[in-house]
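Participant: Residue numbers for the sequence shown follow our numbering, so the first one is 1 and each next one is one higher.
The reader is advised that the hints may include incorrect statements.
[Stated by the list, open to error] Under the rule of at most 27 angstroms between Cα atoms (straight-line distance), these lysine-lysine pairs were calculated in the DSS-like manner: (1) K132 with K46; (2) K183 with K6; (3) K43 with K66; (4) K292 with K46; (5) K24 with K292; (6) K292 with K270; (7) K66 with K292; (8) K46 with K183.
Just so you know, the hints here were simulated from the structure itself, not pulled from any lab data.
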Amino acid sequence: MDDTRKFLEKIGIEDTSKDYVSPKRFNDGGQYRFEVPGIQSPKTMKALLDSARENDIFIHRVTQTKGIMMLTDEEITEMVELARDYGCELFLSVGPRATYDTSATVHTQEGSRIGYRLRGYDNLVYAIEDVKRACRLGVRGILLYDEGLLYVLNQMRKEAEIPENIHFKLSAHAGHSNPGSAKLLQDNGLNSLNPVRDLQVAMIAAIRHATDMSIDLHTENPKSTGGFIRHYEVPDFIRVASPVYLKTGGSVAANHNWDTTEAEARARIKQVKLVKRMIDEYCPEAIPSPDKSSDLAVPE
């Protein structure tokens, strides 16, 4: 094992403890940002942002998870305008994935391991078209579930086939949980990684040590992914994983594609307040990214 560990160290992958302290930051100097996922429509996004303003909390990123193809042009445009006016990122997810196509296998216990990846050439084309449509409407953040799609989109971004300032984020549903996978994804253009939800603090630290991209960590989870809440670990998340997005409000939803209501959107802001209280009490020295930072992938 010693030889294996030495080789891993040679390529930038090292064992780390839960006491690791990340020296890395967002370009604006911040250590952490707030992200609220599962906001599927303009009306729930408006309720979320209005409630954030009322509670004097800034949300850096809002994420839609059902798919670009499930939104009309008018709905996307309204969400883009809401994000632009507020000054936050808007990430829309790619629509055609295994659960949406003709796959029978994906709905079985064994086939569920396929996750939300794309099946076949046509679905790859459809996914790229989904992304191009979002880009045309001003979106600059895309949530992905497939590593092959990331590879292709990164090549398109390099060749200016899609905007050069678009950011790619990979979902926890892609199942990545180790520093080798994280380095591979970063080398293929990933800007933000959401690893699986139940990693221990030392495991998260090893991913951070090996990579520079932001890491997205769930502070709580829907019932469908365990329903566990990690609020007391948030100071550790910031310490070992900076720069980190704190994904907050998930326990309000029953599952990943939950149609959040306006009341539930406001309840998600309460979850953000609870997380912020943990930061204020247990690590008040932690530095948040500034409100409306120029480093954010705000829609155009």
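Participant: Which of the numbered hints above does this structure break?
Facilitator: 8
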